[in-house]
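S.K.: The chain contents come next:
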Amino acid sequence: MPTKTETEASKSKAPTEGAANFLDPSILAGIDNLELRARVAVEGFLSGLHRSPHRGFSVEFNDYRHYQRGDDLRHVDWKLYARSDKLYIKQYEDETNTRCMIALDTSASMTYASGGMSKLDYGISVASALAYFIMRQRDAVGLITFDDKLQEFLPARCRQPHLMHLLRLLTQVSPGDQTNAASPLSDLAATLTKKSLVLLISDLLQGEEETIATLRNLRAMGHDVIVLHVMDDAELNFTFDESSEFIDSETREAFITTPASVRTAYLENVNAYLAECKKQCQRAGVDYCLLNTADPIDSALSAYLSKRARGF
Amino acid sequence: MVFLAPLLLFGLLAALIPIAIHLIRRERPPKVVFGSIRFLKNTPKKLILFQHIQQWVLLLLRALLISLLVFAFARPLLNQSLAKLLDADPQSAVLVVDATLSMRYPGVFDEAIDEAHEFLQRLGPGDEAAIVVLDERATVLIDFTDERAALMRVLDTLEEPSFGSTNLRSGLALADEMLAAASFENRSITLISDFQTTAVDELDGSWKLARGVAFTPVDVGVEATQNLTVADVRVPSTLVEGMQASPVLARIRSTGTLPIERAQATLLVDGDIVERIDVELTDVSEKVVEFAHALTGSGEQGIEIRVQGDDFVSDNSRFAAVTIEPKVDVLVVNGEASSDWFDDEAHWFELASGGGVTGPFSVTSTVPNLLTPELIQGSEVVVLLNVGALGLQQARELVDFVRSGGGLLVAPGDQAAEVTAPLDSILPGSLAGSQRLRAGDYRVIADLDRRHPLFTGLPVEWSTRFQRVWTLTPKEDAVTLMRFDDATPALLETRAGEGRVLLTAMPLDSEWGDFPLQPLYLPFVHETLDYLAARPSEPSRYLVGDSGVANFREVGLSRLASEMQDQRGGGGQTRLVAINADINESSLASASVESVFDAIINPENASLAPREVRTAQRMIELEGPQRLWWWVLSLILLLLLAETLVSNRTYR
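Those protein sequence lines, which keep their order, are chains Y and C.
With numbering that gives the first Met the number 0 applied, the first sequence covers 0 to 311.
With numbering that gives the first Met the number 0 applied, the second sequence covers 0 to 651.
Treat the hints with caution; some may be incorrect.
To be verified - Capping the alpha-carbon separation at 20 Å, the derived lysine to aspartate or glutamate pairs in DMTMM-like fashion look like this: (1) C/286 with C/271; (2) C/30 with Y/244; (3) C/30 with Y/252; (4) C/40 with Y/275; (5) C/40 with Y/252; (6) C/40 with Y/240.
Read the hints as simulated data drawn from the structure, not as lab findings.
Computed from a predicted structure; not experimentally measured.
Only chain C is shown next, with the shape it has when bound in the complex (with noise of 0.2 Å):
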């Protein structure tokens, strides 16, 4: 026999309350003055001593009704099979805890590693628990075991949380694989985690958890919170020696239930503190903030933008990586020089490129019969223009250049009847002749790909018209990047070993049509250039967890080794990288679990009850068919007409 409710037992004691009463207070039976006694002391003896025989019974019959009173109370099961089986409904669970950004809310994590150890309390001898840690993904910490000291010691070693962004999904559904596998039916997930809004609702109801998985959501989250978060960074990851410094912006935004109406934003730049501004934030609860501090000189620089004023310190700094490379080194190869200078060929080019004095580019001009091997290795573009046919040697050293990774823009004019051998293997097409219009007629850009890199930043619309236009036959491996209103191709691209070639039909002067008076043609020449010059422009910013490139996990600004080198053969390089935590993080709103049960429960779970209700329910069904409720009423009943007897007997 087993009892459902055995503390209850205890109320045993409560049996010897009237024989404590019966031997504390034995009082004496009212005192009667009677005229005389001698005819009562004649009466038999024997009904005295029955009389005390009575009162013991009636000790006994009145501490058997309590007796069976705390017994009934104590829900005896006594059908022993049926108890062991209730005993030994083993089941699997596992216990998620996340250990992310919006955990380290000062109270938050302590408090979930205590329900975290309720929880491993509350497991039976023969249950097994496995334990996930959702921080900037989800791991498990410890498989399927059923010796709660071990998961006791793995849960000790969460000292604290992750800057990792929430995913609720993602360790949900590592729980839900791994009750996949798990040994007994009864199955049962418990997340601990402070619910935030921006978490709960990217569970959008298209995943449910399996059938029969059991949910128990654990809110530890705290409902009135301060925080101030830097929200966002603007600052160009590359910028280019000598152009003007874009300013740095910063938006500083409150995202606690309760409002912050100060806060100072500070901001340092390889690690020393340039300069402060104080945020209100009386009316708003953000603000765009702009630092006055110019970035200057080369190399990297690493930014970091603070805000004080809160409780909550791990989300208050943003970090950002800047480059200052130097200028596109660009080698302008005029095969018609002129000493007029609309005439010549490189005049319009180089005025677009900046001429190597405010642009990004470094502009060095040159004719063919000058260009020597130094001028084309120290160039990472080299420009064509109007260029006839060159020398085998100039020809190898640019096909060697091309194939290195140079690039190579060839714009023919008038001169360039033919294409010296060796550079005709890296064109994308070869010179058909050119074609010159009836006057008044005049070709026009009427297709481009917009999805190639070197429009993305232009304008589709062209309205420049060409008099005169090379015919080019594009190669198999070319890809046309352009064509004219005649389906003929405008500009070809082609890649020969790591460099790009671009060969256009179109002249870059003024001698064929008007396309350098056009607005279109700088951002075009810019595009172009920076296109051929193809520099490393790998990202800058990386979020924590971003595991594509490496493991981040914490918040700040690391080095992280460069592909492009790698790929160059240079190794061993590394650039500056700044890792953020998700922005989402920040934000302390709370969402209620019944929004989470809504959108992960599967349907078919609607009659599995949590297991504390289906062990209440099947006591109830093995304790039903007993009926020992109304025995042991019966028996209480006629206990109670004989303890109504004896006591009328013994004390009337």
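In isolation and in its complexed conformation, chain Y is listed as follows (with noise of 0.2 Å):
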């Protein structure tokens, strides 16, 4: 009989196997780029929703860029090719109606990697790929990240540079020391004007209680909250054959145990944890989706979808 952990995972597969690949977060993983890291996970991710992302350009001019070889023709500048005899295709900025914040924990238990990918890692390719999808849904898209206060803050946007600006703050995010989630949703509801998407990524390792609640006063300022919950693998299932000092991550804590004593008693403790957490999401009418950094991060980008689907 599957666990609960098990079927949860199970639920995030990706849409289709062909597009599981892109998303696969050990070869996601080998990719250092994140834009490119991005761009694959969304385009495999879409290659099974679409039959073709690209629909045309919008009718508000925002930017040129030097002609490339495959680029439309129509799109040429063609009056500046006279002026300057040289070949700039013209980019228009798509109008949108939905704002993003993504809210990424860089706290140190976020820094755990039973496998190639640590959660953090994970987190920032499901941010880089939701953001990058985003930006091609013409939606805005912003980020924080926090530990146990506020990091980094991006305001949303949907111009293309943004989306660069946001996927370098990615790459320079740095882990931090504990989790406090609740100063700086708090501090993100403040600044949250117009009715957004709030995507908050994390481990809810410490506090998940007052996490919780913050997120329960975000949806009652009207926004939308989806819980990307990031666990490792061996978080989950407790993959530990050889008795080990186990040392808490934030607290440096120890606990010396043998994991084939203890095995039975942490599942019991993990899947209460899970089920409280899910439970009180959905009490909050917070979209909860449970990701497991040995599977696609598909989970994540389809929760966004659904959730985009029912226009919130």
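From these two lone chains plus the hints, build me the complex, please.
M.R.: The following block contains the structure:
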């Protein structure tokens, strides 16, 4: 009989097996360029949803860029060509009516990795993919990073350079200390003047009750909230064999034990915790999605797309 | 329970190794930086406590594993009665120590004593042992006893080997005889020797140890040896004054396994060095040297030939005793003296006996009328040549002379028609008249007693012809030494008191035959006079260990009581004798101990192994039925399984 965690993981499978290959964390971890990583993830994800994500340019001029081979000649600014004897393509800014704020937990507990990708890397990948995806949807996207306080804040924009700015910010993320999501989220709430979608990427290992209470306040303010609960596979299944001294990544507290003797009790504790998190989120009207770092990241995209489809 | 290999029980200390490792290393488990331990902290504490208990169980299991292995290797014997039986298998052992001359080679005897001490140390608590020493003869140093201290004390009294010769059989036979009356059935002989080839060769296989007697040879011989010895000294034991002295000859021999090229031989007379000769032994192992020194003077002289040039000095001298005696006093009574030499009866006889000048005899001639008691008593041998009847007093003097040890030769001629009555009592026969043969006819000597001392030095073939001989009628106690070809006696002998009397049927002059002209005449006269003089000729050379006369223990010159003097009532007279070591003792080549085995081990002993082997076999026999190994190994396997399970549960 599959466990609750396994059931969650099976639900978050990619739409198609072919797309899943591009969303595999182990493949994404091998891509250093965060933009490329986001593009690969989104293109792979979208290839299972649509025939083509490219539908033409918007009418509001935004910027020029050099002509590249393959560009549609209709978008060449011939007047500028006549003046400068160089080919430029005109780019246009699409109109948007959705503002998304991605809140990324960068506390020390997010650095844990039992496999190739830590929870923080996984969260960065998810955040970059979501940002890329959101920008492709012509929606505005912003970012905050926090540990026990707000670290970085980037307001929501929908212009292309903003995406590069956001991705660069994600690239420069450094792990912090302890987690206290309630305060940064309260600060975020104070800055949100329009109805927004808040995407919280966190492991919720410290102060989850206060965090969910803050999210409840956001919901009360009319914002939509999605909690992407990132957990390592070892945290979910406690896949240890050898007796070890386990050190808490945030409190540095040590605990020596033999995994075989405590595995059952541990799993009971974890499952109870996850169930409580999900229950509290649902009670607060917050979408909850558990992400296993061993699984493809399409679960996060699916969660967003599902919310977007419902027209929040 | 007893252990057949108890020393291995020290391995039990290895059981402390796992505990020591646990206490010393106590390495902490690997550190894992985990997301959060909040879910671990809520796990029940009893699991950790149980793990600690498991660790101690694991330690105990590992210590028990090592202990069981040690226990198994120590070979426990559960059946105590059998163990006691095994422990109480005493033996009767005889230690035979070779203490002969060859063991004097440097270092050999010390090693033999060390081996003897080791033998005594190996004796068990209930064992009894005896020690036999093989020097000039096999002697029991100490009879069977189980007191090791007493055996050690007696062994320590053996300071150095003797000069005796090796007789392995005598020592082994004595030990075998002692073991026949020993207390225990487990019997053994241990022989510590250098196993000289000459001694081992004497064990020709005709004599074997008794059945059941184990034999252990301990070879202490040296492989590389250098030795020089005087193998022989050639010099007459008796010389006569005035005679030309024989040269002193000595045989120098290299008997070691390594050659010696040069040596020096020295002649000592009565302890004084008189001559030295350098000996080259480059190409040969033996050389005869001749000393130019002539033995002169009179009386006894001690000769020593000493050789130098090696380290083994115990056999470097050989001794000889020489006695220079005065001439034999011979009184010739001429019954038909004549101024013409060819008619003179004594002429030929004096000529043959040397005439008292050059020969070993001092001859005095007289005629019957002048034969006085003084002349008779001053002689050792009286010869009556063609003497007729003597005076009664003269005859009585002669009888007394013979009975007191004098010698008398009666050679009758044409004058001897009758014999004076008192003299007849000591003669071996009577004269039955003479027979004159026809012309052309003659008598020859056809038979003689070759075993008689008189003839041992004479040739067998006689060609002397006699035209006229006396016919002798032998008495009952007479011995016929020679016969004519008609079977009539030619020479009779008898003993009268201490003296000897010879009566011949043939004249010793040329009147009745050609005997004086024959080559045999001179040696016959010499041998006859020597025989009648009957001078004591006792041996002058002995070997160490010759116990017939005295118990000689060391080589050298010694004085020995003269038996002849005692017989004649002299008493207190001694003679010089030489005592030498057996030349075989100088041969240091060793034989293999296997050949000793082959020669003396009883064939029925083939199935009997030495005690150590028998003990080992008995151990195996007693251990086998226990099958303790199987049980211990099974238990070890079970413990290994348990250890694997517990360790997996503890550290996984």
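S.K.: Each hint needs a verdict: does it hold in this structure or not?
M.R.: Hints versus structure:
1. With a C-alpha separation of about 24 Å, the suggested pairing of residue 286 of chain C with residue 271 of chain C is violated against the 20 Å cut-off.
2. For a cut-off of 20 Å, the pair hint linking residue 30 of chain C to residue 244 of chain Y stands: about 5 Å separates their Cα positions.
3. About 12 Å separates the Cα atoms of residue 30 of chain C and residue 252 of chain Y, which keeps this hinted pair within 20 Å; it holds.
4. This hinted pair checks out: residue 40 of chain C and residue 275 of chain Y have alpha carbons roughly 18 Å apart, not beyond 20 Å.
5. Of the pairs offered as hints, the one joining residue 40 of chain C and residue 252 of chain Y holds, with about 10 Å between alpha carbons and a cut-off of 20 Å not exceeded.
6. Only pairs whose Cα atoms come within 20 Å are accepted, and residue 40 of chain C paired with residue 240 of chain Y is accepted, the gap being roughly 18 Å.
Violated hint: 1 only; the structure is consistent with all others.
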